[in-house]
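Working from the sequences, and respecting the hints, build out all of it.
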Amino acid sequence: MSDHEAAPSGSGPARRWHDLDALRGFAMLLGIGLHAALAFFPSFWPAQDRGATDGGGFDWFLYAVHGFRMPVFFLLSGFFTAMLWRRRGTVALVAHRARRIVLPLALGMITIVPAVDWVSERATQGSIDNWAMGAAKEGDIWLPVLLGQPDAVPVAVANGADVDVRGDDEGRPLHLAAFMDLPDVTQELLDAGADYRLTNKDGSTPLVVAVWVGSERVADVLVTGGAADIRADDQQWQDIEWFGQGALFKQLVLEPEVEDETGLDSWIDQFHHLWFLWFLCWLVAGFALIAPLANEVGKGIASAKVRRRLLWIAFPLTLALQARMGDSGAYEAFGPDTSTGLLPAAHVLLYYAVFFGYGAAAFGARTDDGEPLIDRLGQHWRIVLPATVVIFLMAIDATFGDEPNRWGSVVLQVLYVWGMTFGLIGLFRRLLSGERYWVRYLSDASYWMYLLHLPLVILAQDWIRDWDIPRIPKFLAICWGVSGLLLLTYRYLVRYTPIGTLLNGPRTRPEPSPSVAGTIDGS
Numbered sequence: 001m002s003d004h005e006a007a008p009s010g011s012g013p014a015r016r017w018h019d020l021d022a023l024r025g026f027a028m029l030l031g032i033g034l035h036a037a038l039a040f041f042p043s044f045w046p047a048q049d050r051g052a053t054d055g056g057g058f059d060w061f062l063y064a065v066h067g068f069r070m071p072v073f074f075l076l077s078g079f080f081t082a083m084l085w086r087r088r089g090t091v092a093l094v095a096h097r098a099r100r101i102v103l104p105l106a107l108g109m110i111t112i113v114p115a116v117d118w119v120s121e122r123a124t125q126g127s128i129d130n131w132a133m134g135a136a137k138e139g140d141i142w143l144p145v146l147l148g149q150p151d152a153v154p155v156a157v158a159n160g161a162d163v164d165v166r167g168d169d170e171g172r173p174l175h176l177a178a179f180m181d182l183p184d185v186t187q188e189l190l191d192a193g194a195d196y197r198l199t200n201k202d203g204s205t206p207l208v209v210a211v212w213v214g215s216e217r218v219a220d221v222l223v224t225g226g227a228a229d230i231r232a233d234d235q236q237w238q239d240i241e242w243f244g245q246g247a248l249f250k251q252l253v254l255e256p257e258v259e260d261e262t263g264l265d266s267w268i269d270q271f272h273h274l275w276f277l278w279f280l281c282w283l284v285a286g287f288a289l290i291a292p293l294a295n296e297v298g299k300g301i302a303s304a305k306v307r308r309r310l311l312w313i314a315f316p317l318t319l320a321l322q323a324r325m326g327d328s329g330a331y332e333a334f335g336p337d338t339s340t341g342l343l344p345a346a347h348v349l350l351y352y353a354v355f356f357g358y359g360a361a362a363f364g365a366r367t368d369d370g371e372p373l374i375d376r377l378g379q380h381w382r383i384v385l386p387a388t389v390v391i392f393l394m395a396i397d398a399t400f401g402d403e404p405n406r407w408g409s410v411v412l413q414v415l416y417v418w419g420m421t422f423g424l425i426g427l428f429r430r431l432l433s434g435e436r437y438w439v440r441y442l443s444d445a446s447y448w449m450y451l452l453h454l455p456l457v458i459l460a461q462d463w464i465r466d467w468d469i470p471r472i473p474k475f476l477a478i479c480w481g482v483s484g485l486l487l488l489t490y491r492y493l494v495r496y497t498p499i500g501t502l503l504n505g506p507r508t509r510p511e512p513s514p515s516v517a518g519t520i521d522g523s
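For the sequence shown, the UniProt record's numbering assigns the number 1 to the initial residue and increments by one for each residue that follows.
Below, computed lysine-lysine pairings styled on DSSO-like, alpha-carbon distance capped at 30 angstroms: (1) K137 / K474; (2) K137 / K250; (3) K201 / K250.
Just so you know, the hints here were simulated from the structure itself, not pulled from any lab data.
Here is the structure:
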């Protein structure tokens, strides 16, 4: 996603921020590792590895990366958006972003998103068994029943689960199996000693529940297992007057209709990992409307120091928006919430808008001696990055520790995201401020790699999840294998093709040196 365009005629050569290009590409490539890690600790990810019985450090890796990756990306996107606007104007900016963002998003919605849906559905079927078995080994009998996994029931019992444990409505696992029409699970529960005579808060036995929801199969299993048959002589289950009266209620519970918050019957359900392109559409549109007015206001502020101080407003804004994450603290959350629908969650969009706006304002900001502010932001990275690691550990403890501290967590997470942002800007400026061909190449390739990686990652996770090897080698194999494949496709199918032009602008194949050309020609 290259933004460095030639300066207008007569304005002199345009500077290229190689370090910021590299950092933006790094943020994209980290997404491959982040999504690869999701298979290796307990979570409802489509392809759950069979060894994902605990965090294993992968959960911490996820929190660490998620806590800063996209804020850094959006800050840099704001910076490059402002740069393009300054050099070429609003109309050219909108046209450029339409080519590089809107069109790839539209194409992705009819290619990449369906591919993610397909591989996710395929992988989820295999994950259900792992989820159920993982819970069963912890002595949880409810999840195996809920997921309809009969083989996990005796495992749960062997690990101390009470087969007749009471639920919130005083129902038992047998009631749940009957409600969900799971005859095989019902049989396993009976074989494990479940009492079919116990009632829920409504005074209903599992057999009554089975008849009410219209489950003949479960009713037959219960009667065969010893439950008193409630039918009259020669009567079928369907002949009972109230048979199946709860079927509609069951459907509403198990398959609730989700109201379209946009008020539109949109076919767009999820952008999946392409949500960031949709957010950029909103942010660039907002920038195109606000930037001319903000520019006029800024002309009235002569002092560079005052302009820099105005940037500090980003920090309390980040704090206020971070407090909204996790449903305003209803559950523990690290980093920003995720919003992948057609109408972005307002607090998430505003959160990223703060970073986008900071980056845009930073493009025109200068130090007192006239140096671009962006070049000074991370000058103390040697101190900031180690301190931010300590802040991360404190934030994890405040969020997920034995004694969670909500406001401590919010403050520490804000310190973490800004510390990582400034620290990485400084580190990349120190290491990659000069042009390096391989860094430029990876920066260009990162856009294509991120767009295409998710279905490949899920396929790889699904393929190797049952291999009897440790999780770390699996994780590295997925990251390296998928990245290597995507680099090959970029090299041979994308870089010098219309796809590459769409994503990064035109690229010219390097000409062989005269000595090489002479050798080829036989001279």
